[in-house]
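**Q** Residue numbers (my numbering), protein chains in the order written: chain W, -11 to 242; chain E, 2 to 257.
Hints in this document: simulated from the structure, not taken from any laboratory.
Here the structure is a predicted model, which means the values were calculated and not measured.
Even for Gly, the Cβ is constructed at its ideal location relative to N, Cα and C.
Check each hint, because a few of them may be wrong.
Calculated lysine-lysine pairs in the DSSO-like style (CA-CA distance at most 27 angstroms, straight line) [to be verified]:
#1 W:K238 / W:K158
#2 W:K215 / E:K162
#3 W:K149 / W:K108
#4 W:K215 / W:K96
#5 E:K160 / W:K207
#6 W:K207 / E:K110
#7 E:K187 / W:K229
#8 E:K162 / E:K111
#9 E:K222 / W:K229
#10 W:K207 / E:K78
#11 E:K79 / W:K207
#12 W:K238 / E:K187
#13 E:K78 / E:K187
#14 E:K189 / E:K79
Simulated restraints on C-beta separations [stated by the list, open to error]:
#15 E:S6 / W:V187: 37 to 45 angstroms
#16 W:N85 / E:K162: 56 to 64 angstroms
#17 E:E213 / W:N192: 23 to 31 angstroms
#18 W:G189 / E:H136: 48 to 56 angstroms
#19 E:K162 / W:G189: 52 to 60 angstroms
#20 W:N166 / E:S233: 57 to 65 angstroms
#21 W:S183 / E:D64: 32 to 40 angstroms
#22 W:N132 / E:A105: 40 to 48 angstroms
#23 E:K237 / W:N190: 41 to 49 angstroms
#24 E:D174 / W:N54: 52 to 60 angstroms
#25 W:N190 / E:E236: 40 to 48 angstroms
#26 E:Y87 / W:D40: 33 to 41 angstroms
#27 E:V175 / W:V187: 35 to 43 angstroms
#28 W:D139 / E:G239: 54 to 62 angstroms
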Amino acid sequence: MNKIKVVNNKIIPFDDSSILINDEEITFNSNGNYYIEYIDCTELNISYNVSDDVTVMLFELSDNNNLISNIKYNIGENASLIISKFYNNSNTEENVNIYLCKQNGDIKYSFSSISNSDDKYLFNIYHLDRHTSSNIFNRTVARNDSSNIFDINSFVDNGIKECYLNQQTKIIALGASNNKINPNMFIGEESTTASHSSVIGNVNSDDLFYLMSRGIDYKTSINLIIKGMILGNINPDMEFKERILGILEKVGGE
Amino acid sequence: MLKISNLYVATDDKEILKGLDLIINDGEIHAIMGPNGVGKSTLSRVIMGDSNYKVESGDIIFDNDNLIPLSTDERAKKGIFLAMQYPMEIDGVSNQDFLRTAMASINNKKIGLYDFILQCEKGADELDMSKELIHRSLNVGFSGGEKKKNEVLQIKLLKPKFIILDELDSGLDVDSLKITSENIKKYKEDNPMTSIMIITHHPKILEYLHPEFVHIIEDGKIIKTGDYRLASNIEKHGYNYYKDEKNTIAKEEDYE
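Using the sequences provided together with the hints, build the complete structure.
**A** This is the structure in C-alpha cells:
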C-alpha cells in the first residue's frame, strides 16, 4: 500500500506517478490503495480528487492530534472513493465536504473514532450529477464526559436524477457523555432513494450478558464490543488494523 | 450439584418465580417444561446471573457455593453454561476473537492459535457447520440453525459441567436438531458427571437426550415431577391437565 504522510499540516511530497500533489491537494489518477496518516496536525486544509474512471481506497488515521480540519473529496465520473478512517484525537473540529461532481460517482465513507473530549463533525454531501451515490457510516465510542456532535447534510437538487443517499451514525456512550446527531437530507428530486439511521445509546446489556456468560469479565467484554464497533465499521487491512488495535489497547475500554 | 431452594425472583416489579425448588445432581439430565410465560427462561437467566432479574429470596447453590453474589462471568468460570434461546448478534466482534477470548477466560490461560483453530475446525466438522462462520461477526447473518450450532460449538470448546439448554430446539430443522442433540449426547458420554437442564416445549429433543427427570413449571414453581414418560403425557394431555396438581412425584399409575 502507498503511504502518504501529512506532518504539521503539510503533505510530505513523494514520488508516485499515479498521484499529483499540489500544495494542499492530492489528485488520484489511477486505481490504488493509499494509507494517509495525519501527524502533529492542528489546522488542516486538504482536498482529495478522484479522477474519472478511477477507484481509490483511502485509509486515514489520526492519533493524538488536536485537530481543526477542512477536508474536501471531489469525485469524478464513474469514479469510486472508499474511505476507512479512524480518529483518536482531542477536541476535533472537522468539516467534510463531499462533491459527487459527475455522473455515476460514488463514495463509501466509513469513519470510526474514540472520543475523549469535545468533538464536532460537519458533513456536507453534494450530489451534483445523476446516478451518484453516497454511503456515510459514522461510529463513535464516547468515553467519560466527552461530547460529540454530528451534523450531516446531504443535498440533491431537482433534476439530478436517480441518486442514492445513505447516512448511518451510531454513538455508544461509555460514561456521562453528551452526544447529538443531526441528520438532514435536502432532496428536491423525486427519483432519489434515501435512508438514514441515527443511534445514541449505551452498550447493549444483552450483548454484555452474552459475552460474560462465556466467562469473559466485564472490562474485557466492553473492550471486545468497542473493538467490534470500531473495526466492524471500517474493515481495515491487516497493517491498518494492527495500528488501530495498538491504539485501542493503549486507550482501554473504559 | 445444583440446589435451588424456595427461590423468589422478580423483574420490572413483577414476580416471576414464586418459591421454586429444584435439585440437579452431578451427571443428571432434567427437562423443564411448561406453557409460555411461567418462568422457564427466567430460571435459566437467574442461574446465569442476569442482572435484569432480582432474586428476592431463596438460594442457588452450585458445588457448595452460593451463586447469588457472583457475577455472570464468575458463574461461567465455575462451569455453568447457558445455551440461549436467542443468541446475541454482535456486529464487528469476530466469532473467532470471541471464542478464543472465552476459552482463555474460562481456562485462565491463553490458547495458542494453532490449537484453537484445530479445536474449532474439529467441532465445526462434527456439527456439520461451515468453518467460514468462525471468521464472521458473532452470530451476525447466521441462520437460526447456525446460531444454535454455534452455541453447541461453544459447549465443546468451553467444556462446562452444568449445561442449560434454553429451547435449543426452537429454530432448528429436523436434521439440525438431530446433529446438535447427538453432539450434546456425545459430550455427555465423554463427560459423564456433566449435568444438563433442558428447557423445552417439545418432546422431540428429549427423545435424543432422554432426561431422567421431567418437571412441569406453572406460575413460577414446579407443580409436578416425573420421569421421561411425563413428557409424553404432557404431549397427550397438555399442561392444563396438571394445572391443579400439587408438587408431587408422578406415580406409575399417572402414566398411560
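**Q** Can you give the numbers of the hints that this structure goes against, from lowest to highest?
**A** 2, 3, 7, 9, 12, 17, 18, 19, 21, 22, 26
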